[in-house]
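Participant: If you want the building blocks of each chain, they are given just below.
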Amino acid sequence: MKSITPALASERYRPGGGLRRLLSTYRTEMAIAIAMVIVELAVGMAVPAALSGGNLTNVMQAAAPLVIMSFGVLLVIITGGIDLSVGSVFSLTGMITGLAMAHGFGAIASSMAGLSVGIVIGLANGALVTFVGLAPFVVTLSTYAIAGSLSFIVTNGNSLPISDPNYWLLDSGTLIPGMPNYLLWCLLLLVGIEFSLRKVVAGRWLYAVGSSSSSARVIGIPVNRVRLTAYLLSGLLASFAGIVSVSYVSNAEATAGASLMLQSIAAVVIGGASLFGGTGSAIGALLGALMITIIQNGANLIGVNSFWQGTVTGIVILIAVLLDRITKARR
Amino acid sequence: MGSQPGSQPYLLSARSVVKHFGPTSVLKGFDLSIARGEVHAFLGGNGAGKSTLIKIISGQHERDGGTLEFDGEALGASVGAHRDAGAIAVVNQELALLPHLSVAENIAMPRLRRAARPYRERVAETIAMEALSLIDPRFARESVRRRVGDLTLHERQLVEIARSLGSGAKLLLLDEPTANLTAAETGRLFAVIRRLVADTELAVLFVSHRMREIRQIADVCTVIRDGKTAIDRVRLDRITDSEIIECMGQSIVPDDSAAKPGSPTPRAAARSDVSAAQHGAIVVKHAHISLTVAPGTIVGLAGAPTGPIALIETLTGAAAAHVWDVTCNGVPMIYANCAAAARAGVGFVSGDRANKGMLGTLPIIDNLMAARRIVERRYFARNEELMEGMGLIEALNMRVRSLWDLPSTLSGGTQQKLLVARWLALKPKLLVLEEPTRGVDIRTKREIYALIRKMAAQGTAVIWWSTEYIELAELCDRVLAFDLDGRPASVLHGEEVNEAQLANATGMAA
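In order, the protein sequence lines correspond to chains A and B.
Counting along the first sequence from 1, when you hit position 229 you're at 250 in our numbering, and nothing is skipped either side.
Counting along the second sequence from 1, when you hit position 257 you're at 819 in our numbering, and nothing is skipped either side.
Derived from the structure by calculation, the hints contain no laboratory data.
Just so you know, not all the hints are guaranteed correct.
To be verified - Computed spacing ranges between beta-carbons, pair by pair: (1) V153(A) - E763(B): 39 to 45 Å; (2) S163(A) - D712(B): 34 to 40 Å; (3) V212(A) - R935(B): 53 to 59 Å; (4) F152(A) - R675(B): 20 to 26 Å; (5) S180(A) - H582(B): 54 to 60 Å; (6) V342(A) - H884(B): 28 to 34 Å; (7) V342(A) - D761(B): 49 to 55 Å.
Predicted, not measured: the structure shown is a model, and the values here were computed from it.
Glycine included, C-beta positions come from ideal geometry on N, C-alpha and C.
Next comes chain B alone, as it looks inside the complex (with noise of 0.2 Å):
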């Protein structure tokens, strides 16, 4: 299916690469052909085998089988073994970022490769600054000596990629850099990987869910598919978005399977349902702005991230309430932390799933329960739990060995589905999700979706913070739309809710 005339040698060709983590095997021999000067779109469905391709190539894994060429030399397979000439960068989901060091440092860093060289903090500055204009100069200007460890996320973001187009490499493999950026930020970002492209022959390998960005940037994608090849090296302009997603997955669930007619949907049913809603709704206002959510309805936050997060901090007890004040039944819901807001009845996924989600050294069964436990008070683990546990992930049709195995063993959709039905049994009074498909594929996308209205169904309120306005559009009966700094804007209603709309209310292009 090859389409780059054979004229030059790639700059990486991967030939039947091989990868088990333990009895999983999670690539079984993969083919990739990255040239100069290209962007290469790089797709398949959550758990295919992306992120560990890239920790291949960028010396990061071993790999078990298969041969790796890059710029014209055979790459060993030991884990650090070409990482030294500098010449592939790498921006991983999980940020390699120095949380004690400056930004200017951060961004120096992978420059200094000798130990015996001086360290100078203006030039690590000036190298920081060049590198972090590129994406945004008013940013460079006021972080190059801030901490890394004091910036929000999204600003984290920011400087591990600004790293990465510094670095000087001829390869740079980006997995879902865009996930925490906004459209501005991204929009400077594809501008730059343009420029560097057009000038410097650079090469890069671009992870993204998001199908329009593609199209933007990309010239060339690949597919995998359950760690095998199943698209190589194909012009975009010749394939259409279905054929792509198609070729991700084999059974892409249709856009609206849970929301069928035939039942009522959960919003229909919130609609219809008013009245009696009202009791137990939970009134959220600020200076100008008033919201109710009603038990069954599910409610969006929209724009930048500052504002979503200050209400979200409020409602799960994680930060006292300054500007938002919130009341069930005239009762305000304030809480000294989080297992005070959980035993309320408010349940919470967080979207730092490595740090604020998973507990990443307990057992899957530990992680589906921590929340039961701690609303129920149970200190003690208890036989039943066991069952409880297979019927989570028999009901989300979770892909899960045994219930003992670590989380890490699951993939990103899979982890993010057990937070999720970690609230499932609850049925909490509210539950409030940060960007729960954040980097997840469409068809795990849909499963959470369903699992969201199954737990709508049940009485519970949702408000949920998506950057995705297709979804919001889709789920939500009501959004509430946080401008640029973070104030909360306007409450879209009904046909309101669509991206344009959106859009205009946020500041912020989906």
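For reference, chain A alone in the conformation it holds in the complex (with noise of 0.2 Å):
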């Protein structure tokens, strides 16, 4: 007796050695990390300078903050969900930390009672979604418009400078020599998060809660915990960014946050994740968050109109998604 057809036969897995099983599973990663490297050689070509050393640390730099939040969104968008309150709690975090230091707390409480902008948030925002079933666009709508009007009234609009002269430290310090913090946080959590979402139950749960679920609650898994673990977390990490940037500039401003929903939504489906969920990855979200900064910092550098990022960034997200979609028909 038969149970698979020839054509089926064919496109089965091949039994390989861990090297193989790896390039098929980061597939998608490796073609956006050859062009991202493409897009910054281009750039390269119009302008030696873009491949410096002190412009790539740049880069890297602006990137942080970005990474950080898509991670957290990443999470989110595994499960099926979208959190779009990311750079509300972002910008509120900044203006809590600020407004700590501003009243003497140190750099340390401050940067506790920021965190916990992100912690309330996500943690609001998980419970509306699991628990009253409410749907995630919603939900986080509405948190994103009353965090992001939080952040202009906690100091009635105005921009706090950060108090603390050593602050700066969580950015750009060194603790591990060489090594500029903010690299570091990235590099933790990027392995964190990886790490955990391939070689840890809780992180398969995440997948097996987008892929349907329907199927994951009758399978036993705990979807309520899953899901309001995912915007916790998304939260926390949106917190923990707002922080990095605000230690970065030494200044908290109210609308620090306005332009990075959409694109740690967008790095995070540039990294091959869908939106209906069960797919994506922490590398390829990092590497989604860095396309988008080479391609503004490109773009700087070249002297094009800042008017057509918007424009240039959107073609890049069209031609990730195509690609993907053209790939996997082929498969």
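Using the hints, build the complex out of the two chains.
Facilitator: Below, the structure written as structure tokens:
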């Protein structure tokens, strides 16, 4: 008797070693990495300074907050949800941190106050989505609006200088000699999240919930807990990104995160995740965030009118999604 | 009526279980007792409450009343209250698979119960290999690493069953597990069940509409009718098929009610009408096989799923024609998509009721009118649609409370009738059916047969894929049999259309 049709048998996985499996797992990510290098080289042809160590460091430093935020958004998108509140969480975190410092709290206490923004809003998002059963888009759109307006309310719209002169160390200090801290945060989070997603049961549960939440429930996966955790982590990481950014800029602005929400979703999508859930990787999100930053940086160096940057980014998102579609169709 | 000696407590006892969905009460005080180490057949008509009870036992639905005792402990009523133990495994009619994940991970997933534990792909693959090899070693080797989303429906069913078999549960709830299996796979599944039952005292609750399967595998049966226990734990060797069927529904329509002499049957009418019928006949050609489907005739498709599916996709415009050449009066019937096919007079009822049949979020009236709106390019809902809808519901004796209810409030059989009813008033040139009677009780099956005959009598050519040879034998003038590789093997005519010949031609026993 036959249970496999000839057509299906030909496309089955071939048993192979670890490297082969790794290559097939990360094929989307490798494609983005190659595309990113090509884009950066193209920019470098036009403006050789783009490839200088100094500029690449700038790109990394500018990308760090987006990278961190994208990791959080990724977790939610893997479960099939969406988090639109991250940009506002980012801004409000900066304002609360700055406010706490202005009131004489130390750097650590102020940072904790800032992180609590992400925890509170993340939990609120998660609870409303999982236990009340509201649509993630609507819930996080509401918290986006609320947190966004609160960022203005707390200081009546004024920006706050960061009073602790050593606060910049959070971003640019070196806990490990030779490696600036923003790079350290990104690497730690990348390794931690990618490892958890692939090699820890909890990570697999995120994919399971995103793949089919009803099936996941029947299988016995604690779907509510998984979803809640994803939104909590997304809020927390958006807050952390906000703190890292504030320490870099040394100034808290109510509008700081305004453009980041769409950029972080774009980064996750460029990185190969599906908005329907069930797919995506931290490496992809990192590469997606870097890609967006490189394009902006390149456009600035070449002297493209900044009004065009959105068009370029939009086209890149479309190309990434189309290429992904084409390669999947061929497989 | 209990026959098991009461010396040992039952593994599961359900007492007076009650369940409502809104105002509809599905279970009205149902009792069920399952002993360790038995295969317990659970029978009942369509909509009698079988699937609901299974979901209550497995913790997917809350119950509204009654008690459940499992392995000496009372089970809470809330959803998921008793899932964590992993002692009750379930295969629902709707498969609970994760399409983005690999076969291995799907099978291993229920065993990963701690969030902070490491996940190892190799371990998952080993678990999956063991479980899958019980049913089909070759499929196991070839498929553990494939994504479940890339599998066929039939292969997914294997994965789902393998997962439940390998779960180490004490009680296995199987809701029509064999619906998509071949005879060989069913045979292996039964062998595994017997072995597990003998070795581990596993108890199995087995739902099927196929009496022959039930006789093969089950020891005891319980029959549910109208939400209540009609037969409680009777040994199958002490009861006949007709006694069981009698208990399942008050009025079973007799076997040949639709084809009674008096009025000529559509089958006979079509035969006597052959010369006239040739005009407008649809000719289906493959390399060496040609089949003419005249208006008013019912032609069956039988055999391994891939063959019929390829032909059906060509006929309905779902996929580009590669191997099949379809013409009507010499004109090729090639359609860019299903809508074009529908407008050209090709009706289609998909076997994938949930995903390709019902519009789950739209009320019944929209579901009934879906095809008509496409065919007639109706862009606005019209008032007379309500009359048309009421007419269809009355004509087909469908149990529908309101045209504005969602289709999910209907039983599976009524939903299936609704899907066929979509095409009734349109009088299509060709109607293509994919297993319209799958998972439907005997009485509703009869009604669907009558409906198909009625459409044939209107002059529609019917092409019907079924895995049940008995019904093909009963309804079809001719059957196109496919071999196990999905190639058309032969066309059976008239008296050749019987179970033995069909099994021979397709390589699959019924």
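Participant: Taking the hints in turn, state whether each one holds.
Facilitator: Right, here's what the structure says about each hint:
At roughly 43 Å, the beta carbons of V153(A) and E763(B) sit within the given window of 39 to 45 Å. The beta-carbon spacing between S163(A) and D712(B), approximately 38 Å, falls within the hinted interval of 34 to 40 Å. As the Cβ distance of V212(A) to R935(B) is approximately 54 Å, the hint placing it in 53 to 59 Å holds. A beta carbon spacing of about 22 Å between F152(A) and R675(B) agrees with the range 20 to 26 Å that was offered as a hint.
Our hint of 54 to 60 Å for S180(A) and H582(B) holds, since their Cβ atoms are close to 59 Å apart. Between V342(A) and H884(B) the beta carbons are some 29 Å apart, a value that agrees with the proposed interval 28 to 34 Å. Checking the proposed 49 to 55 Å range against V342(A) and D761(B) shows it holds: the Cβ atoms sit about 51 Å from each other.
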